[in-house]
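If you want the building blocks of each chain, they are given just below.
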Amino acid sequence: MVRLLVKTAILVFAGMVALLSEWFTLTRPMHAALGRWTATGVERVARTMGQPTYLDARSVHGFGYSVLVTPECDGLVAAVLLVTGVTLLSLPWRRKLLLFLLVIPGVFAANVARIVTILLIGTRNEQAADILHEIVFPVGVTLVLGVLWVRWLSHEAPRPSESTPR
Amino acid sequence: MTGKPEMSYERAGTNRVVAAARDARKLKVFGVILFLFAAVGYALIRERGRAEGPVPRATSHAPDGEALPRAFGPDRRVEGIADEDAATDPVASVEPTPGQVLADVMSIDSALEDDLSHWEAVDWLAFAMIEGRPTFRVSREDVPELLAGFEQLRSSRVRQFLLVTFGALEAAEATEVAIEELPRPEMTASAAYVLGRSRDSRGLEALRAALSGAGPDQQRREALTFGLAQHGASVIPQLVIATEVWLLQGATTADPLPLGFARSADMRAPLRAIALEHAQPEVRAAAILGFVETARSERVDAGWLVALAAGPAEAVSVRVEALRGLSTLQPRLAAEVLTDLLEEPDPAPELLLAALEATRGAGIPEVHVDLLFELALAPSEGSLGAQALRALAASSDVAVQRRLAELLPRQDADEQLRLLQELSMRNHLPHGVRDGNALAPELVNAVRELLEDPELSPYSEHQALQVLYSHDPSAEDVRDRAWSFLLASPEEERSRRLMMVSHILGETVNRELVHSFRESDAFLPRLEAVATLSNVPGNLERAEVVSFLREEALPFLRASLPENTGASLISLGGRRPPNYNLGRVATGVFGRYGEPADIALLESLGSSFERNQSAWPEPLRKAVLAGLSESSAQASDLIRLRLLGRE
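Just so you know, the sequences run in chain order A and B. For the first sequence, the positions run 1 to 166 when the working numbering is used. For the second sequence, the positions run 1001 to 1647 when the working numbering is used.
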């Protein structure tokens, strides 16, 4: 139980650090670079989908609608939380490594997909894109993280069978 | 044994299992609660960050969130841009060539934004040139030099501008060129203007021939007739016939009628005779308009218009046009007509409207103040009410302004905005019909109090700032409020607001723009800083701004334009303000400070665009390419113009 509380504390701390990292001088360049990569990814995907786009640093401009990848939207917080969660999982390192390979690209791919969706919808209906950005995606991401968090807890909680003396 | 009874081995094991299961459930509940707290906390932090400004919105189209907000503030100083205002341009000490003068004119104030394909745009520009002749440092002697370079010019806007210049200078030397340009639809209006003003018989013949072959193309016919009307009194019979034909075809007094195109002083007497004697009221009205148009920049006797405007037996169209003429030529006479008009039983609304418009420049006779307030406050009066409000807002009468001060806080948001707009429009009233822009202290206080209202819309806030600024351009609190107005703006509004208040903020804004240029890592925010810096009034006469544009902005544009041709997408489809335009900035900066070596770069922008944006859909690519090619042609033409007459 104590071990679980320590792990939870580490996870919460990592989440807090990731959350506040956009205001730290040291981590700001990291966000800037991540923003550029994400914007580049968004621009390439949107262009492949036939969308006229123009990439300018962390901004992707579509015809009539533009997005700016800000620190809070570059996926770093989610990535840090998931990577920390996987690191703390009571699993063999080989399986953890596999999970890392799944989680890290997965988070950034999902983020690129999210922003591309906003951009594509925004060029057609600005209001719908705003609803998507302000409501649908934040709620969706929160729910997904919530489910993962509860599953993590279930996995890490002391199991009845483990407690049973032989 | 005391205390708890001893449990059996199995029982104890079962209890541990149950307890562990209970712990796991508690942990899940704890986890959900903790997660909810974290989610709410995150949302709050995010919201707080957004409200404070430095954290930009994820879908904001402002390309760099952190560059501007922290940089703004009246006390910041940026190294590298001098504090003191330099009185002279470093290049102004050398006498500019005519080509340089024209290139300077064309590279500022978005002079090339106006398409001179329509006669009204030509007329407007020509009037500005003729009016500004004392300061417009190009004369008829310069025409041969400018004509020699005309063939090299690729941009139709630059060619149009040059033709209008030749027309304004009444340059007969330009007749040949104008005849050649006349068949091109985009050049017809400017070429026709040259042919009419040159008073050359070949020009007149060409205009007549073109008119007879013009067919049903109304815009072309208007442009050619406008050109013909410049020629002088000898073409009046033709203009009368054309006016009658246009009226037969269904034109009304609201449409342009050929007699109204007149601009030549020797037409005044015949036009006056037509206005007084012709049988058709619409022809008379058009002749009055023509008469007024021949006298826009001179003082002429307009007393004869009073009888027409005040005559109850005259047709309404004649009276309306006479009133409009009076408001242009002798506004104080219009006030007398208004008094007569209000004594008439049931005057026509369009007459009242014209009379109110006329009194705007003349001041309102005291006896009409109550009536005008009644009209302005009546909810159903529409344009009549709006005109009455305009007349009241233009008044310099302290009593009227006090009443407006009482009215302002009682109005709803739309009415307030309208009144504020009218008050800020006082600036545009001609000198001589207003006593400066000073307002009564009560009205100033009412506007200041309005600014305290947290519900005030940005449009009203801007108008209120305008009113206070025009009342006292040196007021510190107005400048501070303008900063607050700017800092409170959402990311995507900032550049628009900066343009709105840059004249109020004055020179301080330059340092902030330079700072944001140097801080940003993206192309568009830097371009935006350059654009705004070039557009702040008076900036192009400031040595420190000129040296920044030459030494930092120009190299930046040279290095980054070929890679960023896709930025043209913004000017076509973006939500940016219209000044956020790649082509226009390039035209402005290269056109003003560019060198001959830049022509190759500018002319290669089209092929860079084709290469960079090959994936764009064809129609979009064509549209952007057309705009980009025109802009780069403008910029290189301006460089070419600067080279004319220089060895």
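Don't take each hint at face value.
Said to hold, decoys possible - When the alpha-carbon atoms are kept at most 25 Å apart in a straight line, the in silico DSS-like pairs for lysine-lysine are as follows:
1) Lys-7/A to Lys-1028/B
2) Lys-1028/B to Lys-96/A
3) Lys-96/A to Lys-7/A
Said to hold, decoys possible - Not the full set, but computed from the structure, chain B residues with beta-carbon under 10 Å of chain A:
4) Val-1032
5) Phe-1035
6) Leu-1036
7) Ser-1139
8) Val-1143
9) Ala-1567
10) Leu-1569
11) Trp-1616
12) Leu-1620
To be verified - Examples of chain B residues toward chain A, derived with CB under 8 Å:
13) Ala-1039
14) Ala-1522
15) Leu-1524
16) Pro-1562
17) Gly-1566
18) Ile-1570
19) Arg-1611
20) Ala-1615
In short, the hints are calculated from the structure, not lab data. Every value quoted in this text rests on a predicted model; they were computed, and no experiment measured them. C-beta: ideal position from N, C-alpha, C; glycine also.
Cross-check of the supplied hints:
| no. | hint | verdict |
| --- | --- | --- |
| 1 | Lys-7/A to Lys-1028/B | holds (15 Å) |
| 2 | Lys-1028/B to Lys-96/A | holds (23 Å) |
| 3 | Lys-96/A to Lys-7/A | holds (16 Å) |
| 4 | Val-1032 | holds (6 Å) |
| 5 | Phe-1035 | holds (5 Å) |
| 6 | Leu-1036 | holds (8 Å) |
| 7 | Ser-1139 | violated (45 Å) |
| 8 | Val-1143 | violated (43 Å) |
| 9 | Ala-1567 | holds (6 Å) |
| 10 | Leu-1569 | holds (5 Å) |
| 11 | Trp-1616 | holds (4 Å) |
| 12 | Leu-1620 | holds (5 Å) |
| 13 | Ala-1039 | holds (5 Å) |
| 14 | Ala-1522 | holds (4 Å) |
| 15 | Leu-1524 | holds (5 Å) |
| 16 | Pro-1562 | violated (14 Å) |
| 17 | Gly-1566 | holds (3 Å) |
| 18 | Ile-1570 | holds (6 Å) |
| 19 | Arg-1611 | violated (14 Å) |
| 20 | Ala-1615 | holds (5 Å) |
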